[in-house]
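**Student:** Listed here are the chains, written in short residue letters.
2 protein chains.
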Amino acid sequence: MTTIVPVILCGGSGTRLWPRSRTSHPKSFLSLVGDETLFAQTLTRCGDRTRFADPVIVTGKAHLGHVEETLARLGLAARIVVEPEAKNTAAAIALAAQTLPDNAIMLVCPSDHHIADGGAFGEAASAAADLATQGWLVAFGIAPTAPETGFGYIRQGAEQGAGYRIARFVEKPDLETAKGFLEAGGYSWNGGIFMFRADAFLAELEKFRPALALAAAEAVRTGADDGTCFHPGAAPFSAIESESVDYAVMEQTERAAMVPVRMGWSDIGNWVALREARAGEADADGNVVRGRADLVDCSNVMVDSDGPRVSVIGLDNVIVVVDGDEVLVTSADGAQKVGKLPGAANQQEDKAG
Amino acid sequence: MTTIVPVILCGGSGTRLWPRSRTSHPKSFLSLVGDETLFAQTLTRCGDRTRFADPVIVTGKAHLGHVEETLARLGLAARIVVEPEAKNTAAAIALAAQTLPDNAIMLVCPSDHHIADGGAFGEAASAAADLATQGWLVAFGIAPTAPETGFGYIRQGAEQGAGYRIARFVEKPDLETAKGFLEAGGYSWNGGIFMFRADAFLAELEKFRPALALAAAEAVRTGADDGTCFHPGAAPFSAIESESVDYAVMEQTERAAMVPVRMGWSDIGNWVALREARAGEADADGNVVRGRADLVDCSNVMVDSDGPRVSVIGLDNVIVVVDGDEVLVTSADGAQKVGKLPGAANQQEDKAG
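So the sequences go chain by chain: A and B.
Heads up: the first sequence runs through residues 100 to 452, numbered per our numbering.
Heads up: the second sequence runs through residues 100 to 452, numbered per our numbering.
What the hints contain is simulated information worked out from the structure, not anything from laboratory work.
Among the clues, some could well be false.
Restraint ranges, calculated between C-beta atoms of paired labels, are given here [unchecked claim]:
| no. | chain 1 | residue 1 | chain 2 | residue 2 | range |
| --- | --- | --- | --- | --- | --- |
| 1 | B | E184 | A | N445 | 31 to 39 Å |
| 2 | B | V395 | A | G256 | 37 to 45 Å |
| 3 | A | A444 | B | S343 | 49 to 57 Å |
| 4 | B | G423 | A | G256 | 58 to 66 Å |
Counterexamples of contact, computed for chain B against chain A with all Cβ distances above 10 Å [what the hints assert, rightly or not]:
| no. | residue |
| --- | --- |
| 5 | T122 |
| 6 | T143 |
| 7 | K160 |
| 8 | A161 |
| 9 | L173 |
| 10 | A185 |
| 11 | T198 |
| 12 | A302 |
| 13 | G363 |
| 14 | N399 |
| 15 | K439 |
Which chain B residues face chain A? A few, computed with CB under 10 Å, are given here [unchecked claim]:
| no. | residue |
| --- | --- |
| 16 | R391 |
| 17 | A392 |
| 18 | D393 |
| 19 | V437 |
| 20 | L440 |
Just so you know, even glycine gets a beta-carbon here, dropped at the ideal spot from N, CA and C.
Start from the sequences, fold in the hints, and give me the full structure.
**Tutor:** Given below as structure tokens:
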């Protein structure tokens, strides 16, 4: 069996689950579903060392403390790449690829997603590894459960080995279009989980984004290892254009494939998504509570308090979050606007990857 | 002009505006409308010493600190009667009456009501004083502005001097009945504001509640003045049955009269009533904010925070209150249930009057 190298992208801006997530404490490092952080769950999901190599973690200085603390707590070894600044996913993956052997099979995973069914994830990883070994750049195609307008979609094409070629990538659709996708079938969500051989990825990157590929190679060549972390050269890295791996490579290459997977996935992209991921904790009226709360005549209310007691009366489909000196009260529909609130948007910027 | 002695009843249990009001800090001592506390506003409303004598304040030990602090701050003199325990309004008024000259005209005022139009209050007091001088027991009949089911009503009878005799008192009606009252006219809210001569009140009390009258007289006879406050004898006072002045006297006497008054009155009996009393602070969407708050897509939302910032998205007709370690979020309809919340109902009891 091919050994797979998990490449875990560990950054995040901390706005959509504000005020619980903050710039200095993005959602990767929060225990949102279950008792462990999403980052720790991501590590554990790739924890079978008969199938997965020690992971490569690409992160920023601001989050290094969280990363090292988690690895120590879980007793895991990893290679850590510390980005001098955040440059989106194409650069992060290029850095990782440059530090790996040519034939390494990279499994690129965001560190802030929830996956309920680890078994299904593992099966999809096996199917993707077969395709990746053959030089395909493979996306995990997540079975859509609703006509979401916040995700990109993947249209599957002809069968290819254990999966499909990708016919095309679709930008975030409007609601009518999304509904059409679900009715038509053959469309998956693009969850940002990819698998490819390091050399195959770098070849395509050089083809479509030669400057980016060159700068990443130069950043690795001029980088330094401090015994714990690898620090790419800051000067070449700073020249890199911020671009997602989707735009820079996956949507360009003729070698794009996908494996469909239904694994209880959520990017927990807002408070409503988190409420859904916590459905198992709901009472008979659909209320989900973490922290002290008294609910009267409530349904589908989520309360998440880090201390104060929250008393709620007579509300449906409302989310209440208390975190330190911030209180958020939003309708479910309003949850998508949380990131634009002054409190979320005006956090002190840091340049974490 | 007759000199009027304000008798200000200063207690309260602190449940309906919980968590801002607490057992130890009832709503009399909160700055709910404008910058001053309701108690201070009550004192100021009776502050014209050409018309009003120094007030008598009936309170409990638990609130004595608040009372004395307020008097000192406003530079006012007052006689303070400290009840050994809370025994409802009949006993409190009886104590005050026993300490006053027979012909004193008592103006009995709750200390936790808001009155927007002090001029109208003063005019009603003049009209009531005429009737009280003649031995009538006078209720202020507050012009109803909505079919409230939370107040008792007064049905006015034949004209009597500057007011009317009271045809009957009506217990808190159901909604249909209340609507009927407003359509019919001639009904007022009973706001618990009364005026009578001390001897007239005591005569009626002796007639209808002789034991209560006797116990109150005995409590005053065996009481002690410590130079600042009068402390009634605890033993006789403890025997008194808790009863409202409405039940014990006003609904019994043949000498009940009323003066109608429209004075922007509110008992601020719940958070919705407070929102209405703060209507002057509302923005164009009807939102009323005290403390730090960011509101997006909100209407008729009231936020009242003692510190933390409150961010609200996409809600209508919801009230959010932050007070120390308690957060309350309620629909307007739910506001009447606030007092039954565990946080409000399970406060440590004290025996304040």
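**Student:** State for each hint whether it applies.
**Tutor:** Checked hints:
Hint check: E184/B to N445/A, Cβ distance near 53 Å, so the stated range 31 to 39 Å is violated. Distance hint check: the CB atoms of V395/B and G256/A are about 42 Å apart, consistent with the given range 37 to 45 Å. In this structure the supplied range 49 to 57 Å holds for A444/A paired with S343/B, their Cβ-Cβ distance being about 54 Å. The hint said 58 to 66 Å for the Cβ distance between G423/B and G256/A, and at roughly 60 Å that hint holds.
The Cβ of T122/B sits about 16 Å from the closest Cβ of chain A, beyond the 10 Å cut-off, so the non-interface label holds. Even its closest Cβ contact with chain A, about 34 Å, leaves T143/B beyond 10 Å, as expected for a residue assigned away from the interface. For K160/B, the shortest C-beta to C-beta distance to chain A comes to about 28 Å, beyond the 10 Å cut-off, and the non-interface label holds. No beta-carbon of chain A is positioned within 10 Å of the beta-carbon of A161/B; the least distance is around 23 Å.
With a cut of 10 Å on Cβ distances, L173/B stays outside the contact zone with chain A, its closest approach being about 34 Å. Residue-level check passed: A185/B sits 25 Å from the nearest beta carbon of chain A, beyond 10 Å. Remark: the non-interface label on T198/B is consistent with the geometry, its nearest Cβ contact in chain A lying 42 Å away (cut-off 10 Å). Distance to chain A confirms A302/B as a non-interface residue, since its nearest Cβ pair spans about 46 Å, more than 10 Å.
Once the 10 Å rule is applied to beta carbons, G363/B is consistent with being away from chain A; the minimum gap is 28 Å. With a minimum CB-CB distance of about 14 Å to chain A, N399/B clears the 10 Å threshold, and the non-interface call stands. A beta-carbon of chain A comes within 10 Å of the beta-carbon of K439/B; the shortest separation is about 8 Å. Satisfaction of the interface hint for R391/B is found here, the shortest Cβ-Cβ separation to chain A being roughly 9 Å, below the 10 Å cut-off.
Residue-level restraint check for A392/B holds (minimum Cβ-Cβ distance to chain A is 9 Å; threshold 10 Å). Evaluation of the D393/B hint against chain A yields a held restraint, the C-beta minimum of about 5 Å falling below 10 Å. Hint status for V437/B relative to chain A: holds, with the closest Cβ pair at about 7 Å, below 10 Å. Against a cut-off of 10 Å between C-beta atoms, the interface hint on L440/B holds, since the closest Cβ of chain A lies about 5 Å away.
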